[in-house]
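Colleague: Below, each chain spelled out in residue letters.
Protein chains: 2
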Amino acid sequence: MKNLLTPFRMIIISYVLSIFLFSILLWLPVSHKPGIDLTYMEALFTSVSAVSVTGLTIVNVSESLSVTGVIFLALAMQVGGIGIMTLGTLVWMLFGRKINLSQRLLIMVDQNQYQFSGMVKLMRGIMLLALAIEFVGALILGTYYLQYFETAGDAYYQGSFAALSAFTNSGFDITGQSLIPFASDYYVQFIVILLIFLGAIGFPVLMEVREYFITKERHYNFSLFTKVTVTTYFFIFIIGGIGIWLLENGMYFDGLAWHQQLFYSMFNSATVRSAGLSTLDVSEFTLPTLLFMSSLMVIGASPSSVGGGIRTTTVAVMFLSLKSFALGKNDVKVFGREIDPEDKQKAFMVISFFIFGLFTAVTVISALEQGNQSVDLIDIIFETSSAFGTCGLSTGVTANLSTGSHFVLMALMFIGRVGIIAFLFSVKRKDTESHYRYPTERIIIG
Amino acid sequence: MKNLLTPFRMIIISYVLSIFLFSILLWLPVSHKPGIDLTYMEALFTSVSAVSVTGLTIVNVSESLSVTGVIFLALAMQVGGIGIMTLGTLVWMLFGRKINLSQRLLIMVDQNQYQFSGMVKLMRGIMLLALAIEFVGALILGTYYLQYFETAGDAYYQGSFAALSAFTNSGFDITGQSLIPFASDYYVQFIVILLIFLGAIGFPVLMEVREYFITKERHYNFSLFTKVTVTTYFFIFIIGGIGIWLLENGMYFDGLAWHQQLFYSMFNSATVRSAGLSTLDVSEFTLPTLLFMSSLMVIGASPSSVGGGIRTTTVAVMFLSLKSFALGKNDVKVFGREIDPEDKQKAFMVISFFIFGLFTAVTVISALEQGNQSVDLIDIIFETSSAFGTCGLSTGVTANLSTGSHFVLMALMFIGRVGIIAFLFSVKRKDTESHYRYPTERIIIG
Ligand SMILES: [K+]
Ligand SMILES: [K+]
Numbered sequence: 001m002k003n004l005l006t007p008f009r010m011i012i013i014s015y016v017l018s019i020f021l022f023s024i025l026l027w028l029p030v031s032h033k034p035g036i037d038l039t040y041m042e043a044l045f046t047s048v049s050a051v052s053v054t055g056l057t058i059v060n061v062s063e064s065l066s067v068t069g070v071i072f073l074a075l076a077m078q079v080g081g082i083g084i085m086t087l088g089t090l091v092w093m094l095f096g097r098k099i100n101l102s103q104r105l106l107i108m109v110d111q112n113q114y115q116f117s118g119m120v121k122l123m124r125g126i127m128l129l130a131l132a133i134e135f136v137g138a139l140i141l142g143t144y145y146l147q148y149f150e151t152a153g154d155a156y157y158q159g160s161f162a163a164l165s166a167f168t169n170s171g172f173d174i175t176g177q178s179l180i181p182f183a184s185d186y187y188v189q190f191i192v193i194l195l196i197f198l199g200a201i202g203f204p205v206l207m208e209v210r211e212y213f214i215t216k217e218r219h220y221n222f223s224l225f226t227k228v229t230v231t232t233y234f235f236i237f238i239i240g241g242i243g244i245w246l247l248e249n250g251m252y253f254d255g256l257a258w259h260q261q262l263f264y265s266m267f268n269s270a271t272v273r274s275a276g277l278s279t280l281d282v283s284e285f286t287l288p289t290l291l292f293m294s295s296l297m298v299i300g301a302s303p304s305s306v307g308g309g310i311r312t313t314t315v316a317v318m319f320l321s322l323k324s325f326a327l328g329k330n331d332v333k334v335f336g337r338e339i340d341p342e343d344k345q346k347a348f349m350v351i352s353f354f355i356f357g358l359f360t361a362v363t364v365i366s367a368l369e370q371g372n373q374s375v376d377l378i379d380i381i382f383e384t385s386s387a388f389g390t391c392g393l394s395t396g397v398t399a400n401l402s403t404g405s406h407f408v409l410m411a412l413m414f415i416g417r418v419g420i421i422a423f424l425f426s427v428k429r430k431d432t433e434s435h436y437r438y439p440t441e442r443i444i445i446g
Numbered sequence: 001m002k003n004l005l006t007p008f009r010m011i012i013i014s015y016v017l018s019i020f021l022f023s024i025l026l027w028l029p030v031s032h033k034p035g036i037d038l039t040y041m042e043a044l045f046t047s048v049s050a051v052s053v054t055g056l057t058i059v060n061v062s063e064s065l066s067v068t069g070v071i072f073l074a075l076a077m078q079v080g081g082i083g084i085m086t087l088g089t090l091v092w093m094l095f096g097r098k099i100n101l102s103q104r105l106l107i108m109v110d111q112n113q114y115q116f117s118g119m120v121k122l123m124r125g126i127m128l129l130a131l132a133i134e135f136v137g138a139l140i141l142g143t144y145y146l147q148y149f150e151t152a153g154d155a156y157y158q159g160s161f162a163a164l165s166a167f168t169n170s171g172f173d174i175t176g177q178s179l180i181p182f183a184s185d186y187y188v189q190f191i192v193i194l195l196i197f198l199g200a201i202g203f204p205v206l207m208e209v210r211e212y213f214i215t216k217e218r219h220y221n222f223s224l225f226t227k228v229t230v231t232t233y234f235f236i237f238i239i240g241g242i243g244i245w246l247l248e249n250g251m252y253f254d255g256l257a258w259h260q261q262l263f264y265s266m267f268n269s270a271t272v273r274s275a276g277l278s279t280l281d282v283s284e285f286t287l288p289t290l291l292f293m294s295s296l297m298v299i300g301a302s303p304s305s306v307g308g309g310i311r312t313t314t315v316a317v318m319f320l321s322l323k324s325f326a327l328g329k330n331d332v333k334v335f336g337r338e339i340d341p342e343d344k345q346k347a348f349m350v351i352s353f354f355i356f357g358l359f360t361a362v363t364v365i366s367a368l369e370q371g372n373q374s375v376d377l378i379d380i381i382f383e384t385s386s387a388f389g390t391c392g393l394s395t396g397v398t399a400n401l402s403t404g405s406h407f408v409l410m411a412l413m414f415i416g417r418v419g420i421i422a423f424l425f426s427v428k429r430k431d432t433e434s435h436y437r438y439p440t441e442r443i444i445i446g
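Chains as they are written, first to last, in the numbering used here: chain S, 1 to 446; chain B, 1 to 446.
Hints are computed from structural coordinates only; laboratory data are not their basis. Backbone N, C-alpha and C fix where the C-beta goes; we use that ideal spot for every residue, glycine too. Watch out, some of these pointers could steer you wrong.
[To be verified] Listed next, the in silico DSSO-like pairs over lysine-lysine satisfying Cα-Cα at most 30 Å (straight line): (1) B:Lys-323 / S:Lys-344; (2) B:Lys-323 / S:Lys-329; (3) S:Lys-333 / B:Lys-227; (4) S:Lys-333 / B:Lys-323; (5) S:Lys-216 / S:Lys-344; (6) S:Lys-323 / S:Lys-333.
[As the list claims (entries may be wrong)] Restraint-style ranges between C-beta atoms, simulated for each label pair: (7) S:Leu-246 / B:Leu-146: 56 to 62 Å; (8) B:Gly-255 / S:Phe-235: 54 to 60 Å; (9) B:Asp-281 / S:Leu-246: 50 to 56 Å; (10) S:Ala-257 / B:Gly-255: 36 to 42 Å; (11) S:Glu-342 / B:Phe-234: 45 to 51 Å; (12) S:Arg-9 / B:Thr-403: 54 to 60 Å; (13) B:Ile-71 / S:Gly-396: 27 to 33 Å; (14) B:Thr-403 / S:Leu-256: 26 to 32 Å; (15) B:Ile-239 / S:Asn-330: 30 to 36 Å; (16) B:Asn-400 / S:Asp-154: 52 to 58 Å; (17) B:Asp-281 / S:Ser-283: 30 to 36 Å; (18) S:Leu-280 / B:Asp-281: 35 to 41 Å; (19) B:Leu-21 / S:Lys-333: 38 to 44 Å.
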């Protein structure tokens, strides 16, 4: 029995239980607006999407959910976003129990951390920091929203949900049309982009930055993880913005002022890397832009963040490995450190599994949607990448898909959020050390 | 100077020189039928396609090329297919020079071999075996074709070209419509499938099988390479056949007799893994089938064969690694041997590079073909996979693409044939051993 409950399995079970809990809460009549009924399937899809902080929907949240329903939704986003295990830790601490090794291990695994020491402190720190950021974000957006909404209650309700949706990168909205009403309000967009960054850059990064400011050390040593993920995150953000601008220059952006082009490019590059909020109807973009955005959704955000995808570090290790391999070197050096071979191995697993899963899902959905005239191949590729990268951007076809396709998307959102490493480890029976060895024999590759 | 001419670079230069040589030969008026003119671009594309044994064309070979042109084309396929370095070796041997270490290294690298000893013997063996198989194939098909063609000359001309095209997996045809005229002649299809197998299964496998029959040892030790690649090749062949049948059952196959369904499934599963000959118009297949076939083209054939793609062993190592990783094991065992970590590393490089290249190419071509109404996304995905996997199957849009897209396809065919490992190594300046080490630091992946 003990062997069956490995840390990875417990995490997966926690996610599954949360999904079922919230699916039932969202299914209850009290969660719906008068006269609206959700099928269990709709409630389940919404719950999977919320707990995996994806944001794809088959119901119109603003038209279907009551205030109670929206609060359940926000809770699901919080539980899924800041991490089931982080919340678990808080509960453990509230009950005053000393965290033992096996629970530490559990947390370490969920946040994919390697250092044991100070883990409890780290978890509490992450939780407090996340809540603080969300609170400040809600305050800023809510106060600013006073000009847009009739009552202060409405303004802070909308502002809080937007801040939560942005920081947890969950991409849900209660405006009914994402951030499109704020398409020319650059202040809102700037705050939202900032919140998206803070959620997607990785909790360890936030903790280190906080420590940097607290200690005021002149030579604070940021971890290799922080250096790699921050550099990669912003490098791809810039590439993404320039790429979208180049592809839509003269197309969708034709005739727009420079600042509109700048903000559309910037906002889309930020949101496509896991957030899922939008300031325009992405289905208006051209085919190459949608393909380019699909690849950005596949890349996603930092590990140990609210974002999904194959993650920044995986992509960084891939390119660094290709470069050092082409140069005939065995070691991968970056920022005065070497990448551990095991991490290279993990990056390989993640990329292989992700690409295989993505391609299989696209093929299966295209088979299930034979004869569905409202769905093109690019829609399937876009929605699939969006689900697996837990991004939530959509060309608008999710609701038109069949139940079979909805199950495929739910599976992708789930695995995308749990993380491929955790998912792969969850199937293993126990730590197995090989008791025997075979001779090694070379084979020809590629 | 010596450092600049690494073995990998010499191979690439040989391919480049062959391509230019044959592009000029195919451009000459003597290569064209009366009244037909090829632009240099058309000749270049044909040459790249032939030397890389791909088979994509922007000209109708049977209508444009004279007998001289067809002979040049066949020579280009032979040079590219059986291996520039194998031919090089033959030339060296004809001149009676003893092959020195650096030339041996060159051959080893081209055929991606690890064992030095007996390399020359192996090369001569491969060459003779290849020519023998082609000769027997030409004889069988030519003789059988006597019933179809008016003169014996025509029959053997057509039969020889078909045998060469099948064995080198180059996919060119001089019938004007591939093997569609033989769609209900299962004897021709059976012989062609056999020739495709022999070319795509890998030269080392053929040599070992020959040795097995010569030595008549009861316990002949086949190499790990042979076991892995033969198993994977036929396993995916069966999966491919069943997959195509499942996806087209009730669609394209609707109303066909069981034997027609069987042969269409089998032939397509065989041809899609690098051969490129066809017995039907693949554009008639449904979207999921075309996606499934694209993934089979990406997988391709064995290394050290006439086929392309990421190759069987790469796929096998990927799945075996995923399995052993999920089971928590560090070593990858198969057939009583362990996979060398360096080969795992190579598989990672090949997959990463291939997927990145493929996605970039699809996006770039879709940007170049904006407004080209005759091209759908699935066509772009299919042609791109076909070019990179040097398969040559086509939904028929290659000729409709712009010059920019043609250059992208040529680059893919070239890299696909040269092999990603060789391509990556060709950019390196010299074997570099790191003179310094950094401390290793773990980062979070996926
Ligand atoms: K999201
Ligand atoms: K081919």
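Colleague: All hints, please: hold or fail.
Modeller: Structure-based check of each hint:
| no. | hint | verdict |
| --- | --- | --- |
| 1 | B:Lys-323 / S:Lys-344 | holds (17 Å) |
| 2 | B:Lys-323 / S:Lys-329 | holds (27 Å) |
| 3 | S:Lys-333 / B:Lys-227 | violated (36 Å) |
| 4 | S:Lys-333 / B:Lys-323 | holds (28 Å) |
| 5 | S:Lys-216 / S:Lys-344 | violated (34 Å) |
| 6 | S:Lys-323 / S:Lys-333 | holds (10 Å) |
| 7 | S:Leu-246 / B:Leu-146: 56 to 62 Å | holds (59 Å) |
| 8 | B:Gly-255 / S:Phe-235: 54 to 60 Å | holds (55 Å) |
| 9 | B:Asp-281 / S:Leu-246: 50 to 56 Å | violated (36 Å) |
| 10 | S:Ala-257 / B:Gly-255: 36 to 42 Å | violated (59 Å) |
| 11 | S:Glu-342 / B:Phe-234: 45 to 51 Å | violated (33 Å) |
| 12 | S:Arg-9 / B:Thr-403: 54 to 60 Å | holds (55 Å) |
| 13 | B:Ile-71 / S:Gly-396: 27 to 33 Å | violated (56 Å) |
| 14 | B:Thr-403 / S:Leu-256: 26 to 32 Å | holds (31 Å) |
| 15 | B:Ile-239 / S:Asn-330: 30 to 36 Å | holds (35 Å) |
| 16 | B:Asn-400 / S:Asp-154: 52 to 58 Å | holds (55 Å) |
| 17 | B:Asp-281 / S:Ser-283: 30 to 36 Å | holds (32 Å) |
| 18 | S:Leu-280 / B:Asp-281: 35 to 41 Å | holds (40 Å) |
| 19 | B:Leu-21 / S:Lys-333: 38 to 44 Å | holds (42 Å) |
Checked against the numbered hints given earlier, this structure breaks hints 3, 5, 9, 10, 11, 13; the rest are met.
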